[in-house]
Amino acid sequence: MNVIIDEACLDTMQSLLGEQFSDTLVFCISEFERLEREVRESLPVDLEAATRNAHSLKSNAAQFGAMSLSDSAREVEMLLLQGDVNSAKEALGSLSQQVIGSTTKLQQWLMANA
1 MNVIIDEACL DTMQSLLGEQ FSDTLVFCIS EFERLEREVR ESLPVDLEAA TRNAHSLKSN
61 AAQFGAMSLS DSAREVEMLL LQGDVNSAKE ALGSLSQQVI GSTTKLQQWL MANA
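Going by my numbering, 60 is the number at position 60 of the sequence shown; the sequence numbering is gapless.
Please keep in mind that the hints were generated in silico from the structure rather than gathered at the bench. Just to be clear, a hint being listed does not mean it is correct.
What the hints assert, rightly or not - Computed beta-carbon distance windows for the label pairs:
| hint | residue 1 | residue 2 | range |
| --- | --- | --- | --- |
| 1 | Ser-22 | Ser-87 | 36 to 44 Å |
| 2 | Glu-48 | Asn-113 | 34 to 42 Å |
| 3 | Leu-47 | Ile-4 | 22 to 30 Å |
| 4 | Thr-12 | Asn-86 | 34 to 42 Å |
| 5 | Asp-46 | Met-111 | 17 to 25 Å |
| 6 | Thr-12 | Val-45 | 31 to 39 Å |
| 7 | Gln-107 | Gly-83 | 19 to 27 Å |
| 8 | Ala-8 | Glu-33 | 20 to 28 Å |
| 9 | Gly-18 | Asn-86 | 23 to 31 Å |
Positions of the beta carbon are idealized from the N, C-alpha and C atoms, including for glycine.
All chains, please: the whole structure from these sequences, using the hints.
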């Protein structure tokens, strides 16, 4: 699994948010974990909620430079929009690994740059 973090996105967000950046990034990381859990728990009962949470995870991840996580969330979202629940469930393994890997890399970046 390849975890890609676009540090230019982090630098941009840090310059925009200033001293609020660290707290915002920590919150965002917790949102990655919550949204992934909500996608997993929503399937297959509430496809609308699962799709909405995958979409939110995709957007939040991209905004904070977690590009490979955003790509994984996009894949799950697209599969759900196509009604391919079985493939979406299979893609959750990759999504979970991306959340773990992205969280680790973002925390390391924060410790080195905060």
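How the hints compare with the structure:
Distance hint check: the CB atoms of Ser-22 and Ser-87 are about 37 Å apart, consistent with the given range 36 to 44 Å. Between Glu-48 and Asn-113, the C-beta spacing of about 38 Å keeps the proposed range 34 to 42 Å intact. In this structure the supplied range 22 to 30 Å holds for Leu-47 paired with Ile-4, their Cβ-Cβ distance being about 28 Å. In this structure the hint that Thr-12 and Asn-86 lie 34 to 42 Å apart at CB holds, the actual value being about 38 Å.
Separation of Asp-46 from Met-111 is about 37 Å and departs from the stated range, judged on CB atoms against 17 to 25 Å. A hinted range of 31 to 39 Å for the beta carbons of Thr-12 and Val-45 is consistent with their spacing of about 38 Å. A beta carbon spacing of about 36 Å between Gln-107 and Gly-83 contradicts the range 19 to 27 Å that was offered as a hint. The hinted range of 20 to 28 Å is satisfied by Ala-8 and Glu-33, whose Cβ atoms lie roughly 24 Å apart.
Between Gly-18 and Asn-86 the CB atoms are about 45 Å apart, so this pair departs from the stated range of 23 to 31 Å.
Checked against the numbered hints above, the structure breaks hints 5, 7 and 9 and satisfies the rest.
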